[in-house]
Every structure is written in structure tokens, then in C-alpha cells.
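There are 4 protein chains.
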Amino acid sequence: MKVGLIGFGKTGKAVASVIMQNKEFCLEWVLRQKIALDKRNVSEFLGISSNEPGLIYSLETISIEELLEIHPVDIIIDFSSNTGIYSYGKIASAKNIKIISAISHYQTEEINFLKELSETNVVFWSPNITLGVNYLLFAAKFLKKIAPWVDIEIIEEHFKGKDGVSGTAIKIAEALDLNKSSINSVRAGGIVGKHELIFGFPYQTVRLIHESISREAFGNGVMFVAQNLTGKRNGLYNFEDILLPYFNN
Amino acid sequence: MKVGLIGFGKTGKAVASVIMQNKEFCLEWVLRQKIALDKRNVSEFLGISSNEPGLIYSLETISIEELLEIHPVDIIIDFSSNTGIYSYGKIASAKNIKIISAISHYQTEEINFLKELSETNVVFWSPNITLGVNYLLFAAKFLKKIAPWVDIEIIEEHFKGKDGVSGTAIKIAEALDLNKSSINSVRAGGIVGKHELIFGFPYQTVRLIHESISREAFGNGVMFVAQNLTGKRNGLYNFEDILLPYFNN
Amino acid sequence: MKVGLIGFGKTGKAVASVIMQNKEFCLEWVLRQKIALDKRNVSEFLGISSNEPGLIYSLETISIEELLEIHPVDIIIDFSSNTGIYSYGKIASAKNIKIISAISHYQTEEINFLKELSETNVVFWSPNITLGVNYLLFAAKFLKKIAPWVDIEIIEEHFKGKDGVSGTAIKIAEALDLNKSSINSVRAGGIVGKHELIFGFPYQTVRLIHESISREAFGNGVMFVAQNLTGKRNGLYNFEDILLPYFNN
Amino acid sequence: MKVGLIGFGKTGKAVASVIMQNKEFCLEWVLRQKIALDKRNVSEFLGISSNEPGLIYSLETISIEELLEIHPVDIIIDFSSNTGIYSYGKIASAKNIKIISAISHYQTEEINFLKELSETNVVFWSPNITLGVNYLLFAAKFLKKIAPWVDIEIIEEHFKGKDGVSGTAIKIAEALDLNKSSINSVRAGGIVGKHELIFGFPYQTVRLIHESISREAFGNGVMFVAQNLTGKRNGLYNFEDILLPYFNN
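Protein chains in written order, with the numbering used here: chain A, 1 to 249; chain B, 1 to 249; chain C, 1 to 249; chain D, 1 to 249.
So here's chain A without its partners, still in its complex pose (with noise of 0.2 Å):
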């Protein structure tokens, strides 16, 4: 599968690394916004042995159309900002080639032009992309339907700078109806990511935690994405719905 990215910050490398290590995948190229890397191949930037193309290109040298011509793509992962997929959405979605977006934030508007986008095209959306994240708040719901009655408790982890709460702890006391004074914020040096859902029945208790230990684990959900969209019908799709089919089987 042929796949191009968009955004090159610390996440994108870390999910261009992972592609570029996966014999499924065959990484085409990177759209960054800064010229500074341009025309520089990804393997030897960041040091891994690799035949595959992966050259990064900026939008100031080049258009998402010609780029898609010299290289034409199957999948496009966008790790870039909000507004990144103004750039390329239309076009993609004309030449039926799938989106697989891992913003964090998107506005009203944004989640609109995804649903349109995703009438003629497969289009993936997913605020947080690591597979144990999306697990566990899986997990975490189906337990919840069971025993609506459980006290639940999250404890997040994180190393001392990070700001504010964890947004991913946040989407999980949302999606568990949660108030949000049951999350409680760790920080301590020598932590990378960790969250804990802990469920307390009469008598006994059952945890749920997940731990990172680097971004790469973004780009092994990416790719776990993108295998999953394999014969999908045109259509938004969540996390959710990539795991759902497991269940029935």
C-alpha cells in the first residue's frame, strides 16, 4: 500500500519511521510546510535502512496535485494541524484515496467537511491513534454497560512538564459519563504516558492501564488503521468502528 503523510513535526517522524519499517506499507513521500527538509529522503534523515521512496516535499515548492501525480498514493495520514485537511481533502477524495486523519482537535466545521468529504471516499478519524488507548475505552464502555453501578476512578500519568489534563483522559471520562473531578493528574519526571481506569465493584476491583513508551506507538496504530479500511465502503469511521467487527466474529 502506497501511502504519503502529511505534518513532519515529533509525532509525524515517529509514524514515518514505524511506515518505513513495515513491508505493507511503502512510504511515497511527507508534506510538510517548511521548505527546510525539501527534497531530503526520509530514510536517511532519520537514519533507518530503507529502499522506499520517501522524500519530503513542502507546499511552498510544490501543489498536493502535482505531488499526487508524480506520486500517486493509496492512503493519506494526516498528523499536520486542523486545517491541514483543507489542503488535500478535495483532491483526495476525488482520486479515492483513502484519509486517515490523528488530529486531536477539530472544530465543528472541520468534522463537517470530513462527513462530505466522506460520501465518495473512506475517510478515517480518530483524535488519539494508539490501539491500547482506543482498547481500553472500548473495554472501559462495554464494562460500564455491564455494571452501570461501578465507582470509576482515572489516574493519568505524565511526565512533569505536560499542561493541563490529558486530553485522552478527558475522552475517556466523557465517554464514560464521568465528571471530570475523577480524573486525577500525576506528573513526575520519568513518566512518559500512563492511564488507569480503575473500576470498584463490592469486594473486588479490575484496572485497566495503559502505558507508552514512545510516539512510535502512534504509527503502529496508523498502520493498524489503515489495514482495517481494507474494503471498507465510503464512510466516516472511528476507532469504534474498526474494532466493533472483531467482536462479532
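Because the hints were derived from the structure by calculation, they are not lab data.
Heads up, a few of these hints could be off.
Since the list gives no way to pick one copy over another, a pair counts as held whenever it fits inside one copy or between any two copies.
[Unchecked claim] Cut-off 27 Å, straight-line C-alpha distance, at most; resulting in silico cross-link-like pairs (BS3-like, lysine-lysine):
no.: 1; residue 1: Lys160; residue 2: Lys180
no.: 2; residue 1: Lys23; residue 2: Lys162
no.: 3; residue 1: Lys180; residue 2: Lys141
no.: 4; residue 1: Lys115; residue 2: Lys171
no.: 5; residue 1: Lys23; residue 2: Lys144
no.: 6; residue 1: Lys171; residue 2: Lys160
no.: 7; residue 1: Lys145; residue 2: Lys171
no.: 8; residue 1: Lys115; residue 2: Lys141
no.: 9; residue 1: Lys160; residue 2: Lys23
no.: 10; residue 1: Lys160; residue 2: Lys145
no.: 11; residue 1: Lys144; residue 2: Lys232
Got chain A; can you put chains B, C and D on it based on the hints?
Just chains B, C and D now, kept in the frame of chain A:
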């Protein structure tokens, strides 16, 4: 719902205590082998204030037929031994009294007998009847379906005296197609019972943990099952059959 | 060693049970306010087989002077209330009967009284008398000395009904010069009591965790203290004074 | 403090990076066997902005004598191999350059050589030079002194590929007089390195846990040791010798 309890060992006592404190259920009687506590009242014996009859009978002084004549029930809950089923199975099915068996180990012979009984009755069997452990098993099987290549390890921790590997851990390992060598057994004072499943993905881990603090957890599992058997057709059910419908809602 | 116990609430009962099962100590009597169980035997009341006298007395029917006349003891253990000390303190010190007080909250007045008593007697006071919690506190203070710049966070988890922040967690925070905002309180069914201290270093973390499964843990703490007060000079001791000598061996 | 680093494998690189970013220390040079990076600058090679000299030398093009002539240092830090000490030990001691060796396994021969060198120099050796692991070991030994009868179990978790039982876990087991069978080894993707010590008391447990997220933790251990060797007399020191004085303050 009127309940009769077969077996009054440590776990039977804890289960009786939970049933007596649950207003949806009324403990009509306890039936056991030993004659020691004959005709004593469960609530008085356990020091619980309750108006439920809850008399303790012995098979040495009453037959199951007589007992059901004097104190009819809707459900029989079995925490006795693997041969207990032969004393009450046929008459329970004849009278359409649901059976919830929480016996840890059945031979093929007993399982076949359960199947026979279930042709004309609602029969449930689970070797570990806590909600938490069964949820863990269910959620773990689902995660393995999603990611069959994931590394899975089990840590089970119990009090120092516990002999051998935890039966629950063995059942989890079997359900996940794991080698017994994936089970790590920790024995130390001050631990009641803990099962931890570690799922190792590249760059991330998921942990599912269950901890019990007392045998009363079995009582809550029984109540949960009894509530969920309401309206079920005749047949043999296990805990997975009870959890699955929550998924499709 | 002959022991007298003051106070027979939930914790007092658990402590009495531990003392009775320890062969080094002999429970001579329990003294309490209420007359309800007067002259009953602790072993019979708690269902423990023991030959120790262990009679329950009430302050309404006997004075502490008479009691010590009939049943002399080597140590008085106090799990009553913060005013209990006034009923037995002076006579205990006069008779050189060691005092172990496990009262959670003393006012300055009582602490001054303890100091006064300790001039002519061995007096020990600890607001939380479990070995585990005191070890945690000790080890944590030591780690903070080594690395004063480390990030420290506390997570305390207890059963749903527990009001307010755990007193033990507050004491730990004070001992480590932490702001109260460093304490994260989790309340959920099925948790007895857990205190977790997280030390965040660059690139690594250390966690110190204590978990209780029942009040009997206090009994073991009392036994440990009593053994370690042997041969001590008159003075007021706390748990740190008891632990420190182990360090220098 | 001027520092020379011997060895530039994965850990050596991480340590060099930490030293360069610490203002109290100046990385004068790195010395290694291989000629590959000869005369390149560490900061440029690792992509760190720094004004420290930090040149990479190879033993094939320069002798340790010449190197110390051109770039004198106060401390030599050794992350090479167990024979590295023979290349620089004598000259370092002659010039009173402190030695910090972080070699995992020394034979008796090398340990004797260290002792010899320490007669006229400050020499430090620790097979695992992270602060966290050494604190764990120290705190665990102390707890075992307090409660020699406690049940102790070790769980060590590492990434899937790690061969054999963790060397650190083995050292902890030896220090605590535990059988090797007390070590439970878990191998699963997405785990960097975790050591958990479980102390089981009646009715309570204490857990000491150390987790690393990268090799840079070794760099911080080296900095801590170097700071604490200031003002020490000649002699052979280990990590316990460094921690002990904090206790007596």
C-alpha cells in the same frame, strides 16, 4: 426471587451473607451435608439482621423433595461439590427451578448431565463466578482477536499458603492459547488474590488487573447471573453468554 | 509479655485477635467504656481458641487501679480515644508499665502529657501503627534526602465511603514537605487501603506502595513495637526511633 | 568538573548526552576502540547544542597518556568493557584522576586491580549505576533487616528480546539472600525495564518498584556519584557507600 443455596463452606457462607443483604433476593434455605447447624438460622449464625427465613438444613434430616415442598424456590445456587448436582438436578429441572452452579471442577460426566438437564431447564455453570474475573477473560479474548500477535504474560498473586498455580490463571491461559510457562505465580503474605494480564505491543502495553478482597465477590457474581437469567430460554449458559448481549446493545 | 488492651472498637478487636494468636504475648484483659460485654472472654467472643485469660472489663464496673491489682501487666496498649490516656497514664508510669498508644489524633495537651509520663516510663506513640506505612514514610524521607529535587506525588485509594483525604497520606505529605495538592484521593468499592508514593527522576521512577487487607495489620505493628521497646530507657518514642537502630547494625 | 568518558556504545552515548547537558560537568573527550568516529565532536554527532570540547578519540590513533596530556580531566568514567580498566587504571591513579566504573561484570582479577588502584586514588564501581535501582536495593535490605521473616518476591519485566534473567534482579536476589526461584521474569513488547519487589507481611504488603524509560538514567547516576565523590579519601567505593552518609544526617 426465592433462592435455595446448596453448600455452606467458607464461600457458601460469604454468598449467603450477600444474598441476605440483597433486597431483590430472598434466601429460603441452605442445604448441606453436615448436621452440625441443623435448623439454625443463617442470619443469626452470621450475625446479619434480616427477616428472610434462611434456615440451615442437612441432607441427613431432610430430602431435597421435602425441602422444596416446604420451601419452594425459583433458583438453586450450588457451591457444594462436583457431585452435588446429582442430589438436586433432576427434581430442579422437573420443577423448572433454575440452576446456577459455581463448582470449580466438573468431570465430563457432570458436564453431560448439565447438558441433559438444560434441555428442559435454564442451567448456568461457571467455575469462577466473579464478575471481575469473567470480564477480564472476555476483554482479554477480544484483545487477542484484535491483535493475535501480541505478547501476553500472566502474573497471579496469592497468599503464601496457596498451593499450585491459580486455577483461574490456568483457565485464562487456556482461553488465550498460552503456554503454562506464561503464568508467573507470586506467593506472599498480605495478598488476597490478584490476576494481572500484560499485553505487550510495540511501544505500548495494556494491563488488565483483577483484585479480590473477599469471598463475598462470588455472591455478587451469583446475583448478577441470577438477574441476567431472567427470561432466558432453556439451555446451558456460561458467563460469556451472559456478557455477550451487553455488547450488542 | 503480659498485655492489657484499652479500647475494643473494630480496630481494638482485630488487635486483640492478633495478640491472642501470638505466643510471645499474653492478653490479660481488655478495658472499655461500654458495659455490654462485661466479664466475657475475648477468645470466646472472637471465636479464637486460646488459653489466655483475656477478660473484657468495663470502666463502669472496675477502676484501672483494681484491674492492675488483680491482673498486673507489662504493657498497656491504647486503641481507645485521645482522652483515654488520662484514665491510665499516671498509674501506668507509677508502676513502670510501658505504654503503647496508637491514637490517631492527639492535641498538644495530650502530647505534653505523654512527654511528662515518659520522664519516668517507656512511652510510645504512633498515629498509624502498621509496620508497612511507617517503613514507607521512613524510606521516603531517606529518598528525599538523597534527591531533594525529585518530583513526589501521592496516590491514596480507599473504599467509597471514606470521608476526606486519608490522614496517613496527609502525614506523609507533611513529612516530605509536600503541598496537599500532591495527594490524589481515589474512592472506589473493593479497595481496603492503598498508599502509593511516586518519585519522578529524569528517565526513571521509583514507587513505594503499601496495601492493607485488614485491621489486623495494626496488631502486627503493635507486636513489632512491643518487641522493640524491650530494654529501652525511659523516654517518648515514635516509630522512626524504633526503625533507626536497624539501620546502624 | 572535567570528565573523560571511556566507551561509546548505546549506553556510553546516552551518558555522554547527559554529561553535556549538565552545567557542572564538562565532557572533555570520549575514548573508544573503534576508529570510525575519530575526531568527530560528540555534540554534533548526537545533535546536542553545546560548547564543550567533547571530541571522540580512538585508541588506534592516540594513547591514554597523550590524551591526558592534551586534555587533562578530573574524573574518568568507564562504560567500556571489563578489560578497559587495564588501559587507563594505573595512569589515572598516578595522576589522581578519580575513576567511576560502571562495568556490569568484573572477574576477581579486575576487582583486585580496582582495590590496588584505590590505595592511592578514589575509585568507584557499581554494576548498575542508576540511582533508582541502588536506592531500591538499599531500601530492600533495610526492610529485610527490620523483618527478616517477610516473604519477598521479585518481578522483573523487560522487552521481548531480552535474554535470560535480568542481571539487576539477580543482584537484588543475592543481596536479599533469596533463591533464584523468587525471580519472576516477564518479557513483552513495549516494556523498557521494570523491577518490582513485593514484601508480603501478614495483612499487608509493601512494594518497591523501579522503572527506567531510557539509558540516560545511567548518566544521571554517574553525575550523582561524581558529585558525591567530592572530598572523599582514597579508597574503593560502591553505591551503598555513597547512600549511607545521607542516612546519618
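**Prompt:** Checking Lys145 and Lys171: alpha-carbon separation at most 27 Å within a copy, between copies, both or neither?
**Reply:** Close inside one copy (17 Å) and across copies (25 Å); limit 27 Å.
**Homomeric proximity label, Lys171 with Lys160: Cα distance no greater than 27 Å** = Answer is both; intra-copy 21 Å and inter-copy 24 Å each pass.
**Asked** Between copies, within a copy, both or neither: which fits Lys160 and Lys180 at Cα up to 27 Å?
**Response** both (20 Å within a copy, 17 Å between copies)
**Asked** Using 27 Å as the alpha-carbon threshold, which applies to Lys23 and Lys144: within, between, both, or neither?
**Response** Between copies only: 22 Å across, 39 Å inside.
**Prompt:** Within a copy, between copies, both or neither: where do Lys23 and Lys162 come within 27 Å Cα-Cα?
**Reply:** Between copies only: 24 Å across chains, 35 Å inside a chain, cut-off 27 Å.
**Request:** Since the copies are identical, ignore which copy is meant and state whether Lys115 and Lys141 lie within 27 Å (CA to CA) inside a copy, between copies, both or neither.
**Result:** Within one copy only: 25 Å inside a chain, 33 Å across chains, cut-off 27 Å.
**Asked** Given identical chains, is Lys115 near Lys171, meaning Cα to Cα at most 27 Å, within a copy, between copies, both, or neither?
**Response** Cα proximity of Lys115 and Lys171: one copy only (21 Å, versus 45 Å across).
**Item:** Status of Lys23 relative to Lys160 across identical chains (alpha carbons, at most 27 Å)
**Value:** Between. Shortest inter-copy distance 21 Å satisfies the 27 Å Cα cut-off; intra-copy 37 Å does not.
**Message:** My question is about Lys180 and Lys141: at a cut-off of 27 Å on alpha-carbon distance, are they close within one copy, between copies, both, or neither?
**Reply:** Cα proximity of Lys180 and Lys141: one copy only (17 Å, versus 31 Å across).
**Request:** Up to 27 Å between alpha-carbons, please classify Lys144 paired with Lys232: within, between, both or neither.
**Result:** For Lys144 and Lys232, only the inter-copy Cα distance (22 Å) is at most 27 Å; the intra-copy one is 29 Å.
**Request:** Please work out whether the CA atoms of Lys160 and Lys145 approach to 27 Å or closer within one copy, between two copies, in both situations, or in neither?
**Result:** For Lys160 and Lys145, only the inter-copy Cα distance (20 Å) is at most 27 Å; the intra-copy one is 35 Å.
This entry satisfies every hint, going by the numbered hints stated previously.
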